[in-house]
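> One letter stands for each residue in the lines below.
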Amino acid sequence: MGDRIQSFWQNRLPKTVQKAVQKAPVASPGENLTAPAPAILNYLRAQVGKLPPPLPCQHALKKALAEAIRVWQADPEIANNSLVVLGRPVEDVARIIKTSVQTASDDDDPSAKVLYLLGGYHRPSDPLEMNQHIRRALTLQNEAVANQEADAPEEEAEDAGPTIVVVPRLEQLFLRCIQGWEGIEYLQNLTTRDTSRFWVFGCNYWAWAFLDRVCQVSAYLEQPFCLPELSGEDLKAWLSPVVEASLTMPESDESVQIEAVSDSYWNTLSNASSGIGATAARLWLASLRSREKVDDESTSGETNRSETGSRETNTSQNGIDKKRTDDSASEESGDAESGDEGSGSKKQPLTTLVTIKPTLPSLIGLDVMDRYVLHTLLIHGDMTRSHLALSLGEAERKIRARLQVLRREGIILQRGRRLSIHPAYYPKLYSELKNNNFLIGMR
Amino acid sequence: MGVAVLMPVVMAIVMAVETTIETTVETAPETIEEFLRNFLVQITTLSREDVAPIFQGILAVLLAYGFLLTIQGVATNLSEKVPRRRRLLIKQSVPFLKGLVLLGTGLYLMRLFVAITQSDFSGLAVTLLVGLGFAFKDYVSSIVAGIVNLIEGPFRMGDRVQIGEHYGEVVDYGLRGLQLQTPDDNAVTIPHSSTWTEPISNANSGQLEAQVVTTFYFAHEADISLAVDILYQAAYSSRYTQLKLPVVVIAVEERWATRLQLKSYPMDARNEYVYKTDLVLRIKEACVRQQLPYPQMPTMQEPVQEPVQELNGNEFAAG
Numbered sequence: 001m002g003d004r005i006q007s008f009w010q011n012r013l014p015k016t017v018q019k020a021v022q023k024a025p026v027a028s029p030g031e032n033l034t035a036p037a038p039a040i041l042n043y044l045r046a047q048v049g050k051l052p053p054p055l056p057c058q059h060a061l062k063k064a065l066a067e068a069i070r071v072w073q074a075d076p077e078i079a080n081n082s083l084v085v086l087g088r089p090v091e092d093v094a095r096i097i098k099t100s101v102q103t104a105s106d107d108d109d110p111s112a113k114v115l116y117l118l119g120g121y122h123r124p125s126d127p128l129e130m131n132q133h134i135r136r137a138l139t140l141q142n143e144a145v146a147n148q149e150a151d152a153p154e155e156e157a158e159d160a161g162p163t164i165v166v167v168p169r170l171e172q173l174f175l176r177c178i179q180g181w182e183g184i185e186y187l188q189n190l191t192t193r194d195t196s197r198f199w200v201f202g203c204n205y206w207a208w209a210f211l212d213r214v215c216q217v218s219a220y221l222e223q224p225f226c227l228p229e230l231s232g233e234d235l236k237a238w239l240s241p242v243v244e245a246s247l248t249m250p251e252s253d254e255s256v257q258i259e260a261v262s263d264s265y266w267n268t269l270s271n272a273s274s275g276i277g278a279t280a281a282r283l284w285l286a287s288l289r290s291r292e293k294v295d296d297e298s299t300s301g302e303t304n305r306s307e308t309g310s311r312e313t314n315t316s317q318n319g320i321d322k323k324r325t326d327d328s329a330s331e332e333s334g335d336a337e338s339g340d341e342g343s344g345s346k347k348q349p350l351t352t353l354v355t356i357k358p359t360l361p362s363l364i365g366l367d368v369m370d371r372y373v374l375h376t377l378l379i380h381g382d383m384t385r386s387h388l389a390l391s392l393g394e395a396e397r398k399i400r401a402r403l404q405v406l407r408r409e410g411i412i413l414q415r416g417r418r419l420s421i422h423p424a425y426y427p428k429l430y431s432e433l434k435n436n437n438f439l440i441g442m443r
Numbered sequence: 001m002g003v004a005v006l007m008p009v010v011m012a013i014v015m016a017v018e019t020t021i022e023t024t025v026e027t028a029p030e031t032i033e034e035f036l037r038n039f040l041v042q043i044t045t046l047s048r049e050d051v052a053p054i055f056q057g058i059l060a061v062l063l064a065y066g067f068l069l070t071i072q073g074v075a076t077n078l079s080e081k082v083p084r085r086r087r088l089l090i091k092q093s094v095p096f097l098k099g100l101v102l103l104g105t106g107l108y109l110m111r112l113f114v115a116i117t118q119s120d121f122s123g124l125a126v127t128l129l130v131g132l133g134f135a136f137k138d139y140v141s142s143i144v145a146g147i148v149n150l151i152e153g154p155f156r157m158g159d160r161v162q163i164g165e166h167y168g169e170v171v172d173y174g175l176r177g178l179q180l181q182t183p184d185d186n187a188v189t190i191p192h193s194s195t196w197t198e199p200i201s202n203a204n205s206g207q208l209e210a211q212v213v214t215t216f217y218f219a220h221e222a223d224i225s226l227a228v229d230i231l232y233q234a235a236y237s238s239r240y241t242q243l244k245l246p247v248v249v250i251a252v253e254e255r256w257a258t259r260l261q262l263k264s265y266p267m268d269a270r271n272e273y274v275y276k277t278d279l280v281l282r283i284k285e286a287c288v289r290q291q292l293p294y295p296q297m298p299t300m301q302e303p304v305q306e307p308v309q310e311l312n313g314n315e316f317a318a319g
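Listed in order, the protein sequences are those of chains A and B.
At position 20 of the first sequence the residue is numbered 20 (this note's numbering), and the sequence of numbers has no breaks.
At position 161 of the second sequence the residue is numbered 161 (this note's numbering), and the sequence of numbers has no breaks.
Computed cross-link-like contacts, DSS-like style, restricted to lysine-lysine with a CA-CA straight-line distance of at most 27 Å:
1. B:LYS284 - A:LYS398
2. A:LYS113 - A:LYS62
3. A:LYS434 - B:LYS263
4. B:LYS244 - A:LYS428
5. B:LYS244 - B:LYS81
6. A:LYS113 - A:LYS63
7. B:LYS81 - A:LYS398
8. A:LYS434 - B:LYS244
9. A:LYS98 - A:LYS62
10. A:LYS428 - A:LYS236
FYI, nobody ran anything at the bench for these hints, they're computed from the structure.
Just chain B, with the same shape it has in the complex (with noise of 0.2 Å):
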């Protein structure tokens, strides 16, 4: 964010200093030390016009970024004390804000020290252009990424995402980059450019609920319809169900095992591993209850079929 706010001031400040050397030049100079006194009396007798609009920007951009700060201090404690369902709205709301202030910050500065032509203005796109082509180009890139995302919005903030082999809750949408909470508790910082070629797997798109898959294995003389139904209790009775949603049990065929996948949501995506734990809790108590045998570990002879991985690493597989 600092550098693309402060580039309109540095350029203000380089005009203001090319201008005075300009001045200085047509004084015509004899030698270097006349020069630096003519550019030293130049600078020292800039009149008061010329200057108030370099410290009108700079207090622009400190307002900038105070805004900036704000907006975010109080998304992040707003959004933790009010009710759920309005948590994600806040958070959402976020970026669009930011957006907002950098838009018209930038559009300020721009009037404040670029009184430009129409001719003026090819000139300036073209060197802009080029110069931040060269200088910032992951930089721009991130930053158009940034602005693309937040129009197709393939995430939004406080969603539950996968990028690379990051996942975690969205909890920072900045200029050049998003930070994801892992369920680590870290913070991952990915540059929006990495959204181009990473493919985004997201849990919840904007809603509260997210999916969690819970896979139990069951040997082939267990009774599978008593443990499917013991699945589906225990989604159910779970405190963090969310029982407006489907519950569903899905049944696979392994060569050693049945394997049995409890799709249900929590209430809130955030739960999604004390909720997992709470599922495999009440099942394996139940599973005792009802001596429900677990398969046995295969031996080196005879090779099996490896189950296929959850994504997320959502895998929970008991006995």
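Bound-form chain A, shown alone (with noise of 0.2 Å):
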């Protein structure tokens, strides 16, 4: 037992300590970590929002996809002619969806015909309004396509493939109010009377689940595929074309380069994110800091602390988001720049970004209210503050002041009218409803 003890403070202590310390770079002399200009996140942000769906979730659908409509032709009548995509809902399930079918069309099967219905539809400000919209934009399709059948030759006709028709965000086609899901009935029985065409859905789990408990749409809807969870090497291919690539920034000309990380790094982000690619993201873009050259002079006080352990370095580079504001950071990237340029240096400003371990942001104390909002949003996907009030049977203006901390906090974000759920913090709000008894939607 002795030797035991001993044996962990010589040997297996020091060398965690040593593991932990490694995995966050150290400021070297002469150097300081900040948080990278607002300017730089944004246009970050804006790089990984032009990337495709990550491949090992389009890969995993095109064969699942491939594998229902295999089965579906052989006997229409009697298998199932649907497929449901679940998801989180802070992933962007249409989007994976839309490339998926598109390329599975493309590249298998060119002569599918992909119908898109509802594609970027939003609920009315009438929900009850709903139901008759989904029944007016079939009715508009079906004309379509039959518009286009008539003038089509025969021999096109004949060699017709299969009909597709894409419902990517069933979330957005109810509201948990009375009457509410008449809509998502009406589509369910409609999927299961008209077996001449093939159905993709895409939905969260959170309001699969609400579904299956209201109107028993697993019952109808029957295969559900589940996107698959990203690993650490699936999320370094996937944002490897930003984290590689010499990026210069529009407006200022200044290069930006991101420095290479371990697979470790990348492991640690697949953990922390559940393997969500919006999350893990948004976990990446968090975790980077510029690495800037400093002083000799006035900063030899900070290169004797960030001698004397790289623990306290790091301490203090999680502290700098706080210390620093947005506008500060750009003013001092500002001097830095005319700095290089008084020293006669011709060449273009060069910001380095550094990582260092990622982690969830932390949760404020959340109230009963806020529970419930939040719920609702997970739920709905995205929504307005006046479909979410009337979900929650309150009154606009005693939501007001709880959206207005949660978005405050950086929980909730507001695109124009819309409101949803920042992709950092689902991991810990999944806990936190689960731990308050709430229905969640689970893989």
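Join the two chains into one complex using the hints; note that each chain is given alone, in its own frame.
Structure (structure tokens):
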């Protein structure tokens, strides 16, 4: 027993400490790690947004789709004619479906006719109109298809492949209120009735769990497909076009270079983000730090501090975000640039970004109303404040204050009038709501 | 709690005084003045070993009291801060922790003051039983009922129970009685002994959810299938509803109306009343939209059967 304790103190503990310290980059003397300028982060965020959906998701979906269509075509009257693609509320399931279905039809079956139904649809101000909208959209689509078929030559009509109807965002077609999911009931009945077409639905787990309780949707659309979790390797491959490219900021001509990181970083990122692409991308951005040269004289004290232990350096890195405002960060990077120009160098200003250990942002203490708000947002994907209030059964003015707090904390994002959950907070919110007895969506 | 734990200390003091008196008597005092003088001498010459256990006993009682207050305070605060699922677990541990403290203190005091042989024990036990039986009959009955309730578990801390006329959440479980917090935010203390005879109705039995029954009345000419559908959807759409548990609507035909009972569970039994309010508001709004007729009040000449009252006063009748 005594030997084991001695061995722990002499061997394992120092190794553990060393390992923990090595994970975070250490600022060398004369350097300082600071939060990147907001312009750089915005630029990188935009670059990540332009990336195609992760390939493992596309491949898995294409494979599942091909198999489902094959089974359906073998016996259209009896076999299931739908596939439901399930993802987390923060994942862009619609985009993954669109890309995958398009490439699948281009590569595997060019004769397949892909029809998108209510792709960019958002709930109308009166949610009871949704049912009519769905019916109208289907009628219009059927008319358009009938016209196309009438105009097409006979040979082409004979060679026509399967018709695939894609409803990419099922969660946008209902609202949790009385008569709010009649459109879904209509769609699920139509899908089982119309066996001449193959239907692909996109939905998030939370909405699916809710719909399954209220209208037993899984009894009608009985073939769910869950998007895979991304491993560290998958994340590395997905983000590599941004990580490895030499980027130039469009407005300032500033070059941005991101230092390569080890595989263990990507594995940590995968674990922290629960394998969710959108969450991983946000955590990666949050883990970026700008490595800046600082004057020896002004920072001799800091150098000494960093020499006393890497642990302290790591702590100060984490504290940087709170001490520096975005404006001051921009000003400081501007100063650095002017300094370079003053020295007569004609090189482009270069910002080197390094990564620190990716961690989930901490969650504030949520009150009861916050949890209801967040649960409703997770079920509906994204929604306006008036729909949120209607679903909660509260007046808008009563939820406004809590929404403001949640927005200020960054848990809720607002794009235009639409509110949604920040992807980086999803894993913690999942645990929080699960521990508070909410119906949660899970794989 | 105080009386039960202080009893051994008081007994110890009494025993010390008795011993002193016996010693004083043994010296055969001739007058009362001499007796008192001898008694005072004996008292003042008590050795440190004689007095120390009394102080230790008092200290143990004070410490036990402090522990009990701490357990109650920490459990109450902590249970309101942790996720809902762990709230009841913390609350339910309070009576056991308190029991442990009391048992430990009692045993310590017994060891400190009572060095009894088997024959002494029989005599002491009989004396104690007779004395307690007369003096603290109700008190002992409550303590025993409290222990039996802990073992049998007809309710636990955090449960919503009805005992006699009182309904509320069990917020404290003491040695002598329990405390209910009623929906009107009153604290009602009920002695454990009353649970010997009073029926106990437990709404959630250690679970977070408790069934809520919401009653609605519709006119006979109303489209009842539509009304049933609205009631189901109201339950499914309420933010408070525990969707993992079943929702049921029961229709009962009365002479003057059709009565519909919506039975569903809120995620947290504490939300029972706000949940009902939310359901009623949603249902009324939908009924107005669908123009579902409510029943008319019957005239005096036409006596009708009174609807059965719900337990816990859970009656919410619209129309």
